[in-house]
Structure formats: structure tokens, C-alpha cells
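Line by line, the protein sequences are chains A and B.
Under the working numbering, think of the first position of the first sequence as 1, with each following residue one higher.
Under the working numbering, think of the first position of the second sequence as 1, with each following residue one higher.
If you're looking for bench data, these hints aren't it; they were derived computationally from the structure.
Yeah, the Cβ is synthetic: ideal placement off N, Cα and C, and Gly gets one too.
Careful, some of the hints might be misleading.
To be verified - Computed beta-carbon distance windows for the label pairs:
id, chain 1, residue 1, chain 2, residue 2, range
1, B, T259, A, N269, 32 to 42 Å
2, A, I329, B, D276, 31 to 41 Å
3, A, E193, B, L332, 47 to 57 Å
4, A, P365, B, L332, 46 to 56 Å
5, A, D186, B, H212, 49 to 59 Å
6, A, N171, B, Q487, 24 to 34 Å
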Amino acid sequence: MKFDCIIIGGGISGLTAGIRCVKEGLHTAIISSGMSALHFSSGSIDVLGYINNKVVYKPFEALDTLTGTIAQHPYTKCGKPLIIEALQFFKQECETQNVYLFDNENLNHFHVTALGTLKPTYFSQRSVFNEDVYNRFKSMKKIVIVNFEGYRDFHPQLAAAQLSKHALFANCEIIAKSIDMPQLQDLTRHPHEFRSIDIARIFEDEENVYRIADAIRLAAEGADFVVIPAFMGIHNFNQIHNMLQSRTRLLIYEVPTLPPSILGLRIDNALKSRFAQLGGVYIAGDKVVRAEINNDVVQAVYTANHPENPLEAKFYILSTGSFFSGGMISEFNNIYEPVFKLKLHYEPERNKWYSPQFFYKNSHPFLEYGVVTDENLRPYDSNNNIIQNVYCSGAILAHYNPIREGCGSGVAISTAYKAANQIISLYKLMR
Amino acid sequence: MKTLETDVIIIGGGATGCGVLRDCTLRGINAVLIEKNDIASGTTGRNHGLLHSGARYAVKDLESATECINENRILKKIAWHCIEPTGGLFVTLPEDDPTYHNRLLESCKFAGIDAKEISIKKALAIEPNLNPNILSAIWVPDGTIDPFRLASANILDSVERGATVFTHTEVERIMLKQNQVAGVQCYDKVTKEYFEVYAPIIVNASGVWGQHLCSTAGIELKMFPSKGSMVIIDYRINNVVVNRCRVPSDGDIIVPGDTVSLIGTTSRKVSYDKIDELIVDDDEIDVLLADGEKLIPNVSRARVLRAYCGVRPLVAVSGEMDGREISRGVVLIDHKERDNVQGLITIAGGKLMTYRLMAEMTTDLVAKKIGNNKGCVTHKIPLPGSEKRVGYTKKIKYFSGIPNSVVGSTHYRHGERVHNILSLQKRNYGLICECEMVTLGEVEYAIKNLKVKDLVDLRRRTRIGMGPCQGELCAYRAAGLFTEFGQFTPDTSTKLLKDFLEERFKGMKPVLWGDGLREFEFTYWIYQGLFGLGLVEEEEQ
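Chain B extracted, bound-state conformation (with noise of 0.2 Å):
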């Protein structure tokens, strides 16, 4: 059996266990990262992309508004290639409680929120696709990021410095020699092999999926599961983020995101047994759109893309309380402490948006345990693609003969890493998925250098088969490529491209009416008719 031995474990690939790796590798501590799936599959890639102000919990929570404006800040320098500065509108409709308007601006200010109240007839030049019935509108510096190529940056970086990452690999168990962390039993979900890692340290980043992984250790961490729904719209209706000006709710937000807009959320306590079957309920769906209309009426003439859900890792304190209701604050649990587990630390709770914060908390924990001074900086050093900010035009003039949309779609994902993707070889900028832009070049850069090892993986690092055919012919393209550029046999593509087409089903099947059941019949006839894709496992018997 295979064993490997490293200062720091780091259990889990979201946002947050991206974010200690890189910190820890930063400051010169060797750290090996454990995923059960991929990068940022979990809560990280589940959530609605938005680029808090933090005025969405200034009236409430300002402990949790003050931390996302500074975060905001920061990650605006070190990750501008993962984030649209859009800007954002909070609105109160007719039928909402007109002194919440009051309220934000005022806590907004105590929180250091750069919010101002601006005229209905300027929130409309703005957004033309509001609501024109609304009764006041306040602008806020909400964006949006995307969360996939926030957490592959932090892991590029970090790899590129020299850390480990094993992606779809489960942790069996955490093994305690003592009361001392020992190391972690693993199981490559791929090669189907076990092998174990030895450390010191254990950083459990795993969200709610922590209970359990706590539960090897013999240790008890209760999680309190609350799922949030989401449907997307085909097409950007809206250029900024649109905020319902109330308290917080369902159906309350619209954020435009790449191709795409987006419409959130819900809130419902699920059972923790059932974090790994989650679906979208009719229900749900039927509240974000009648919702999401009344912000922007056009959204019931627009295509529902599919509806998808996550589970926010909220560490349980105590009763039953709605999800809303407990504090999405950072949860740093030092379990020498709490459970006399020597070396085991976890770090929960908290926001895509903090999760850097949160890296640089937990680091800040490690580096004390294991004495190591060297501060943090990850506020300071850019995440690979955001190093140098060099506009639009500029990339389009030096990449001339390549089109532009081409070299601005890259450019727009991959930010200066733009030089590793493009070349102008005819072949390289040939496009595999056509709705987003997605080149040859780029799915290759992608399978050979960001840990890669299925289509879903390649589509959280691309956008292929986000856009409005999802799927339908970049599928069986970039399912070729994988065995052209990887150490893939062509048995082992077509088998990711089933995979692969059965996981964007799951997502389209809530809203599978209208155009999107048009295009899904189209996409069945392409694999099943023309193809026979379905046939595969039957020959093999």
C-alpha cells in the first residue's frame, strides 16, 4: 500500500480546504489535500456565485457584513479574473415592508458598506428588465465570482508551489495513535486503490459533510443540514445583481452569472442522512419563479436552464431552528480542545465569500501548533490568472487572428493563464462547446494541468456544457479528447460521457418543460437515436 507523509492534512476541496492548502503552502508548510469528488463539487459549487457586500446581513448579522465587504475588497485584487464587479441593486417591491429601506442604508453604514440610495428611474437605466413598480432601490457593491475557478485557482497555485492534492479520494478514516492524530486510511475512487496519509495535523474542511468524517474519529460534531434551491435562466436577463430589499426570504436575489442568470434561493431543513440525494422539489421551483418575476417580470417569458441545490454547512448550536436563522459566522474548532483530540482541527460555518478568511484562520491555528511564524499572505499574492491585469482589448490585439469572442471568453475564465491556453494553431482554438466558447486548447490546458479526470470535473474548470444545450454536442467532443490529451482508453471516454450526460440530467429534470424538454429531446435522440450511447453497457455483457 502507498503511504506519503506531510505536515498538514487538509480534509475536503471547497473553497475553504482550497484556501488552507494554499495558505499553508504559502507559508512554507508542506500540506496534501484530500477530495472526496472534485474540487468545489460540494456546497462550494452549489450556491448562487455572489459576490456579497455583506449588505444582505447588515441588518442582522454585522459581524458577518463587515467580514464580506473587507473580503470583498481583497478578493477584487487577488482574484479579478474570477469575479464580474457588477454591482448590485437591493429593491422594495409594493408589497414589502417599506421601512426595511431605511434600515439596510443605515446598517450598511455602521458595517462600512458602500450602500446609496439612488432614484427608481436610475435603478431602471441600470437594469432595465426591473420591476418598473418598485419604491426604492439602493446600489451596492455586490458582485459576482465564480466559485469553480476561485477554489481550481487556489489548488493551481498551491500545486504549482509544490502541495498534494488527491481528488476523488475518500477518506475512510481518521486513524488517532492516542489521543494524537495519526493520519487519514484513503481510497482513490479512480484507481480503486487504498493508501494512507501520516501528519500531525488534520485540518477537517469538509462542510457538512464533517459529521461523519468527525464520527471516525470517534468524535461528535452535529452538522444542521439546510438545503437551498436554485434554478438558472437561460441568458443574462440582468447585468447586476438584483436584491429583494426585505428580510432575507426565498426567491429574494437574481444574480447574473457568465452566460447565464440566476435565480435564489430557498431554505429547508433536510436530515443528514440525506446531504448525498438532495433534488430540487417541484415546490420550490414553483416559488423562485413566481418570486424571481416580481423582481424581473421577464423572467416568466425566459427559458428555466435546470434547478440545482446545496447544503450550507451550518454547525448546529443548539434546538431547532430554521436555517435562516443561525449564524453563517465562522465556526474554528480546535478539537484538543473540545474533545481532547490532539492535531485536530475544524474549520466550519461561514461563506464562500470568507472562506479566505477562514483559510487564513485555521492556517494561523496550524502555524501556532506545529511553530511555524511566518504570517499570512494570501491577502497580498494573486491567485494564478489574476497576477496582472491587462485589459480586454489588449489580449484581442495580441491574440490577432483568433477571434475575438474566442480570446475574450478565455481571457475572461483564465485570466492571464490566457498565454498558457491559446495559440494560433488552426486546431487549438477550434471550439468544442459553441455556447461558451470553450476551445481545444483549453480543454486540453484543462485535462493536463487542472486535475481533471472526468467530464463534470472539465466542466466545473471550463463551462462546458453549462450553456443553453447543456451538453448536447460538446459532450461527445470533449469526451474524444480525453483520451487524445489523458491517460484515458477510449472505453473509459465513453463511459465519462454517460456520466456525464445522466449528471446534467439530474439537473434538468425539475424544469424539463418548454424549450428545455425540446432540447432534451434533441440531445436523447443525438445519444440514444443516432448514437446508441445506452447500448454501450448491453454490448459489453
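Next comes chain A alone, as it looks inside the complex (with noise of 0.2 Å):
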């Protein structure tokens, strides 16, 4: 099969990546080898949370800064411009599947986590930020979080308590709430089987709906707010956010649970069927295995499923992620890069790849190992010789911290809009 540009790794940035260059008409194909880090994301998109361990409230002024002084981060090789309109880019397509990202007027915003902490970012959907939540926010007397009676993944006890000490909520008191619906959890044959995912569905059907409403307006009695743990379905989350608030007279917010995260399955089903409505090709649950390359050009890959068929493309971007999803892996004392043995930076001894605690106020060394590459995006091989049709984008770039600067999804989406940047303009070159 041949193709004009093929992706490799369909998380966030592959798709954003293939969004971009099949809408300006290359034929292009995406490999996924399975459910990416999407689903254990906040589904909101954080640009710039943190420089040196405080918060950012002024992304873009940070930004500076930090291109300013690390001549090595992806976002350095991005440039301001390019990050803005990429961000504009991922919003836009997001909305022509319905799902509205919004922002507080190029500011970072405060999402709610499960433990009642606040975490910086950019883009929220509109369950976790919107002008309401925002104009609301400022008189707001009482809070309440609520889980579903049966539901393990979260505790709201513990995030009204943790919410509550924070200076912003002096004035509010928040309280947990349990709401027991036995006709819930006997949907389901199992109490393993309660899972985010499985109560997402059951808010798909109306009737459910109105009776969690109803549920929902009695625990909740004289609140301004209600905080409930992501469930409010997979594919008509607006409709059933418009009954919940217009039946329950009340805002109500959703808080990202353990994974399966319903929010960041959103984003990822929005950008899958806004890539294939638009015409691209979507090999899921396969992985490349081999490339073939001559003269520092890639001419093939291979995957497990198809190991005879070459897969052509004129271009390639790799962007399968860290080593979670793959995109790297770690042996004994050794890490190398499985597709097209790129050259990585990292350490060599083990024992430097992590910090002493887990909560290390500088996180893990092991976050920012990754791929070297130009400032084009483009990959270096063994011997330190650039492969020249291969771009790379997102968790698999070195000199990074997703973590701790609070910037994974931003960087997913600014280089995956560059590299794809780069290959449309040689494309157009070419014809």
C-alpha cells in the first residue's frame, strides 16, 4: 500500500498530525497499536502549567521564557506562532465534532482533580470550563461532589476536603455527597463492572438521565455547583449536560476519574472520526515492526499483522509516544528506539533514569529522555546522520517534562502541526 504521509502511533498527536495533512488532500494513513494515553488524560489541554515549579497563569508570556531558555525544548522549535495557530487548529477541528473547547481569554484556567487539587491549564471542555462556570465561580456559596453509590473510582470526600483549603474556595462550603441508585447498579452483573465507562453509557439513555437529575437536585439541595465524577456520556455529552443543568437548576461540573477517562475518550473519539470523516485511513490495533531504509530515507515499514507488505510513504511521523505507549523502550542498562533505531537522549545508567521519591519536586529524569532531533523535528539515526523524511511529534521528543511543566498535550499538538507543517509544504513543492 502506498501513501503519501503515514503515521505512526494514533494518540493525540498522530491524530492531530493526520487531521492536518489529510485535510490538505495528502493521502494518509495512521497506525495505532492499541487505546493511547488520551484515555488517562485530563481531556483538557494544558499548553504551560508550570515553569520551575510554579504555577503559570500567562501561558504565552511563560512561553517566552522558556524558549528564551531552553534551546532544546519542542515548544523552542515550535516558535509562538506556530504554537498559537495549532492550538486554534485543534480547537476547530474538536468542534466540528461537537466537542467545545474553551479558554479564559489566552489565560490558563484551574481544572478540579479527584483529589480536590488544582491543576493549571488551557482548554477545558465545556463540563469543566465555560463562561458560566467562570461568572458563577465569583459568588458561589456552596459546592457539592457527589459519587454514584457502587462507583470505586472516586472519592468525593476526600476532593471536598483537599478543595476546600484552597484560598479561592475560602468563602464556599463544599460538601460530599453519595447518591444511592439501585436501578444503576443493576445494569450491570458485576460491582467490578461499574467502571466510568460502563455509567457513561447508562447516562446515554434519557430516561436514566432524568432520574439521575432528580437524584442529583435532592443531594444537592441549596448548592450553586455540583462536581461529579466524568460520566456524562460518550457521544451525546452536550445534550445530556443541557438536561442535567436545566433539570437540576444547577451547574454541574466534571471532575477527570482513574482511567478510563470519559473526558479524554472524548477528545480521542473526536479526533478519530474527524480523521476518518475527512478521509484518512485508520489501521488500528497493528504495530510497525521494521523499517526499510536507503541512503537516510525511509522507503518502507512493516507491521506484526502485515510482515510481508511493505507500507510506502513519501513521508513519515513518528509519534508513538514514551515508553508507556511504547515509543521508547528500557532494558537492563539500555534504551533504544524500535522503529527506526533513532538516536535518543538518555542516560546510560540506570540507576540516574529516576529521583529518589516518587513525588520528587523535579519529577523524573526518565520523562524528558526521547528522541534528538533538528530543529525541522526531523530525526537523527545511529549515526548521527538525520533521516530525511521522517518527522517526529509528541511524548517520544527529548528535552521535555509533560509532567512538570504541565505542557504534554500542548507539545503533542504544536509538533505534530509542525512536522505535518513541513510535510505539506515539500508535498506541494513536489507536485
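Please assemble the complex out of the two chains, which come individually in their own frames, going by the hints.
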């Protein structure tokens, strides 16, 4: 099979690049080995949340500081204008699939975590941040955090206690409630089948939504604001949100839960369906195992399911993610990139990969390991030669720490956009 | 300040201390046990969980071997729910001295251990993952024992019979009145309160930590700390204990335990001031994996879950000796004889296997001192959970409606006490830890009945967070239940969660590569990326 562009990796970065390429008329394929990191993400898009462990309120101002000091940071290679353009592109593409992303007019806003901590982020879905939330927030007197009896992955008491401590909520009463609706639990056979995804399916049924709304109204008497685990549907989330809000006359806010994260799943679905809608080819459940490289140009890749049939393209984007997603593989005393055997940035001694504590202030060094690229995001092979038709994007890139800097999705989107841009302009030149 | 009076104070909640508490209680002697961390949190919980047949000691230490096989038989009766009578093999590799095989067989015969030579073909049929190049094989009645459950069952029985137990409570010093012990000064690390307990008899069962404890009474007791490290392999790659048939050395045993397998053990001298901050060295991991692979070649392809180490509580006799050279025999000291301190007894040395015998010897001395003439019955009365031996299939039938795997795991861990844990209410049997099939009901039972004060304690009682994911999802699920079922504020629960993840990380660090690193990255994403747990402290300030 022949394509203009093959993207290896179907997470947020690969999908963003894929949509951009296919929109510009490139015959594009994405090869995805399975569920991506979106399934355990907050579903909000972080651009830059922290610098030197301090919360960032103005991400685009902070970006100047960052790109001015860390030359190898992927954001430095992208540049601010491109990052802004990429974010707008991403927002618009999500909107085509009815996932509406809201920002705080170029400022970060906070989203509430399941533990009641606050994390700075840039875009959030409507049930997490919007104008109503922003306006109502200032006069808020009472918040009720609700769980549904039988759901094991959320403890509203912990969230309520933590949230209460925050100065922003000094004048606000925050309480935890549990809603017992046996009829919901009866829809599943075993108690461990009552997961976020199962409950989100229950929410997709209109009759259930009415019953749930009534239960929420009872539990949240006198409140302005109700926080629930993110259950409000996988497909019809906008309608469900509207129905719940109008029937309860309350603001309903969603908190991302333990995986599977429904908020992340919505973004994943939106990007996949957008890519398919535009005519992209999404190869799911397969994995690139081998590449044929001649004179620093990738000729073809081979997958586990089709070891004999080459998949050929003019350009390739490697968006295979970090260790967890299989983008890099670590061994006893070695780390390598399995598809193209690219040059990596890492420390050879294993005991330098991690920090002394789990929650060490400066996070862990291994999160900054990854592929070394030139400023156009093209990687090097082990002989230090640039591979001409490959670009890298997302968590496989070195020299940034997505968690410490709170920039995982922003980097994924920006570098995908940049990689796609270059492929598109070369493609147009070639025609 | 709170004060308390009793007949005997037992210091140390390892297997020996718990055994002494139970023995005293069964003889009608009032006893209080004080443990500075958790039950079985020291050496007891940091070994390979082997139910020795005694064969390992037969060649060099006949006395230990005989003790082992006797206790092996007793424990199978009184603590069957803590034991898996898997059986074990001693296999000779091509590079090993072939004469050791016969010496082992003869010595076992002499010690009364039922060891028999089996064909290589049969050994491979019993343990298909075994190295096919072995030269010979011996079958022995080894097994596995869960030290956490064993110690906890001793505590549970004692408490149900009226004993008092303080965990997370440090003994600051032993108080003397002239040459007679008067009691102990204690500090409760959870409530941050000081209190005193008075008794005419104090049993020092604090193992290697006894050196410091005795010094508070002005007594010199020199311990000889020797570190033993082990690695845990994800999944149970062997079903019987596999020993290497040679003079004891590093990396010569692979023990199956619950859902995992464990490669043991190294032996390294450590200085006394380092015993609370031991870490597994990278070269120990190299040795264990390399030698483990020789016994079961699959080891090289398995994922390593974690590495940990314990300190052997050996009492130094004399000179500079290797940890293996010293006898692992029992040391019972009446400090009246040795140091002219009336009422103080030290019980040390020995092994997990002989905890009950050590407790019996100690309690005999206690009984003699206070004029109690009831004999020991701990070898006859089963521990809670082992009262009745009911098969797995019967239990499944009884709890029909609950998934078999849930009933099986709960029964496996708690024996007859499964009836105090499981109920047909749907919420009760919802899984909190999927790796180890720990239900909400089991967590509730442990928090309410088993002296659980944090998530690490809960892990020792239930195996929560011990499986492949090392507490990825269950840690948060269980943390909230401390607020629901125990006297814990939400803030405390959040703090327990953070502490637990830090504790798990200690054992993951030395083996952080491959799938272990992937898993850790995922866990880090969840707890720091998604939950912002590391931010908790900052927000407080």
C-alpha cells in the first residue's frame, strides 16, 4: 500500500498531524497499536502549567521565557506563532465533532482533580470550564461533590476536604454526597463492571438522565454548583449536560476519574471521527515492527499483522509516545527506539533514570528522555545522520517533561502541527 | 499520661513476638505487645516466605533442620490458611559439585526429613519451567508460608482472647527499678502521645533492633546484622519451591508465593547503624537474576516487579564471620543470669519457621518466672482462619453468586474467616485491587479488625498493591475507604495514599526498566499528572 504520509502512533499527536495532512489533500494513514494516553488524560489541553514548579497564569508570556532559556525544548523548535495557530486548529477540528473547548482568554484556568487539587490548563471541555462557570464562580456559596454508590474510582470526601483548603474557596461550603441508585447498579452483573465507561453508557439513556437529575437535585439542595465524576456520556455529552443542568437548575461540573477517563475519551473519539470523515486511513491494532531505510530515506515500514506487505510513503511521522505507549523501550541498562532505531537522549546508567522519591519536586529524568531532532523535528539515526523523510512529534521527543511543565498535550499538538506543516509544504513543492 | 499494667510486655511485632503474645494469652498470662511499626514489618515480612522442610540446613546444621521439619508439620495443621504445601525440589546444575546431592539425601534421612531422589524427567514434569540440563533432583516437603498472615493471625487470636496490642508505637526505653524491670516508656507515632506500661516481665522480641532496646536498660547485646535481598518476578513462574543443590550461597532459591515468584537471597554484612535504611544494591540484582535464570531459564524473560531486603537477626557470638557461617539457632537469654537484670528476657536468632517453638521456649521461661504452670498449647489450637478445613469448591458453592475467583482468593487468604468478610451484597464484593482480587469487604474487615493504620499495613493484611501494577488504581480506591470505615479524616487518607506510593516506589527503583518503567510512568501520570497528588502539601502551606 502506498500513501503520501504514514503516521505511526494514533494518540493526540498522531491524530492531530493526520487531520492536518489529510485536510491538505495528502493520502494519509495512521497506524495505531492500541488505546492512547488520552484514555488516562484529564481531557483538558495543557499548554504550559508550570515553570520552575510555579503555577503559570499567562502561558504565552511564560512560553517566551521557556523558549528563551531551553534551546532544545520542542516548544522552542515550534515557536510561539505556530503554537497559537496549532491550538486554534485543534480547537476548530474538535468543534466539528461537537467537542467544544473553552479557554480563559489567553490565560490558564484551573481544573479540579479527583483529589481536589487544582491544575492549571489552557483548554477545557464545556463541563469543566465555560463562561457560566467563570461568572458564577465568584459568588459561589455552596459546592456539592457527588459520587454514585457502587462506583469505586471516586472519593468525594477526599476531594471536598482538599478543595476547601484552597484560598479560592475560602467563603464557600464544600460537602461530599453519595447518591444511591440501585437501579443503576442493577444494570451491570458484577460490581466491578460499574466503571466510568459503564456509567457513561447508562447516562446515554434519556430516562436514566432524568432519574439521575432528580437524585442530584435532592442531594445538592441549596448548592450553586455540583461536581460529579466525568460520566456525562461518550457521544451525546452536550445534550446530557444541558438536560442535567436545566432539570436540576444547577451548574454541573465534571472531574476526570481514574482510567478510563471519559473526558479524554471524548477527545479521542472526536479526533478519530474527524480523521475518518476527512478520508484518512486509520489502521487500528497493528504495530510497525521494521523499517526499510536507504540512504537516510525511509522506503517502507512493515507491521506485525502484515510482515510481508510494505507500507510505503513519501513522508513519515513518528508519534509513538513515551515508554508507556511503546515509543521507547528500556532494558536492563539500555534504552532504544524500536521502529527506526533513532538516536536518543538518555543517561546510560540506570540509577540515573529516576529520582529518589515518587513525588520528587523535579519529577523524574526519564520523562525527558526521547528522540533527538533537528529544529525541523527530523530525527538522527545511530550514525548521527538525519533521516530525511521522518518527523517526530509528541511524547517521543526529548528535552521536556510533560508532567512537571504541564505541557503534554500542548507539545503533542504543536509538534504534530509543525511536522505536518513541513510535510505539506514539501508535498506541494513536489507536485 | 496514660498508664497501663500487665503481667508481661512483649516488644516487637514480628512472628516471634506475636507468637509469644499468643502463647502467653493461651496460658492465661496477661500480655501487652508493642510494635514500633506494623505487625510483620521487620525481618518477618522481609524474607522469601519459605516453609522450610529443613533440607536447606540438613548438611550443616542438624539441629535447625530437625526443628524445621517438626515445625513444618505443626504449622501445616494450625495455620493451613497461611501455607501452601507446594513441595520443593533440590536440583544440581552441571556446574555444581555432584557429591552434594548424596550428602543432602543422607543428612535429610538423619534429620527425619522425607526427602527422596526423583528422576530428571519427573522433576521436569512437576516443574516444566525448570532448567532441562539439571543433573539430578531431590523432592522435599518444602512449601510456602505467608508471614504477614501468620503474624496477623497470631495477633487476631490473642486480641480476641483479651490481649492488648499497640502498633506504630515506639518503646523509648526500658524502665528499671534497681535490678528489676518496671515497665516501658512508649510513644504512639500516630496519636503522638506518650504513655507507660508497667509489668514485672519484659520480653525483648525486637530482633535485630534489640541491640538498641537493650542499651536503654544499660545492657550490651551485640547483634550481627546481615542483609538478605530478593527480587520478585511478575507472575508465578514456578509452582514448587526450586532450590539449588549446593552449599548455601546467593541466588539459590526460587519460591512461588501467591501470584508471584521470588528469587532469593543474598547475604551481606551491614553495619548496625544502617539497618533502618537498607537498599538493594544493583549488583545484588545482577547476581539474583543471573543465578535465578540458571534454575528457571524463563526468569530472563519475566518482568521484575520489585526488589527488597531484610536483616537477619543474628546474635554475634564472636569475631568476623559471614552471615551464613553463624548458626541460625535460637538464642534465649535470661538477663538475670547474664546481666543481673531481673525480669528481662531476650529471644533472638532462629527463623520464621521456628517462631512458634521460640515463642514456646520464651513463654516457658516467662511462666516459670511468674509461677504459671499451664503448658504450651500453641501446637494444638489452630489459628483464626484455620479452625476448620473446608475445601475451595464447597466455599464456592456456599457463596454462589459471587465470582469464584473472588471467593477463592478471599478463602485462600483468610481461611474460615471468609465468612466474616464476604456477603452477597453487591457492594461488598466489588474489587478494590484487581491484581490480587481484594474486595471492598476485605478492606473493610481489615481496617476494622486487623490493626490497620495505613495503606502499607493494609497491604500486609490483604495483598492490596502487591500485584503487577503495584497499587496503581487500588491505592486511591482503598485510601478513600479509610475515611469511610475507619477513624481517618479525608486529609489523612490523602496523606496515606501519598505515603503508600512512596513506599511502593522504594522497591520499584532498583528494578525500574522494561515493563516496570512503563507501569511506573503510567502510575506517575495518574497520581501526579491526573490527580496532582504531589501538589497536596504545597497547597497546605
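Hints, verified against the model:
A beta carbon spacing of about 35 Å between T259 (chain B) and N269 (chain A) agrees with the range 32 to 42 Å that was offered as a hint. Range check, I329 (chain A) to D276 (chain B): about 36 Å between beta-carbon atoms, so the 31 to 41 Å window is met. Range check, E193 (chain A) to L332 (chain B): about 55 Å between beta-carbon atoms, so the 47 to 57 Å window is met. Distance hint check: the CB atoms of P365 (chain A) and L332 (chain B) are about 50 Å apart, consistent with the given range 46 to 56 Å.
Checked against the hint of 49 to 59 Å, the pair D186 (chain A) and H212 (chain B) passes, with Cβ atoms roughly 58 Å apart. Range check, N171 (chain A) to Q487 (chain B): Cβ separation about 29 Å, and the 24 to 34 Å hint holds.
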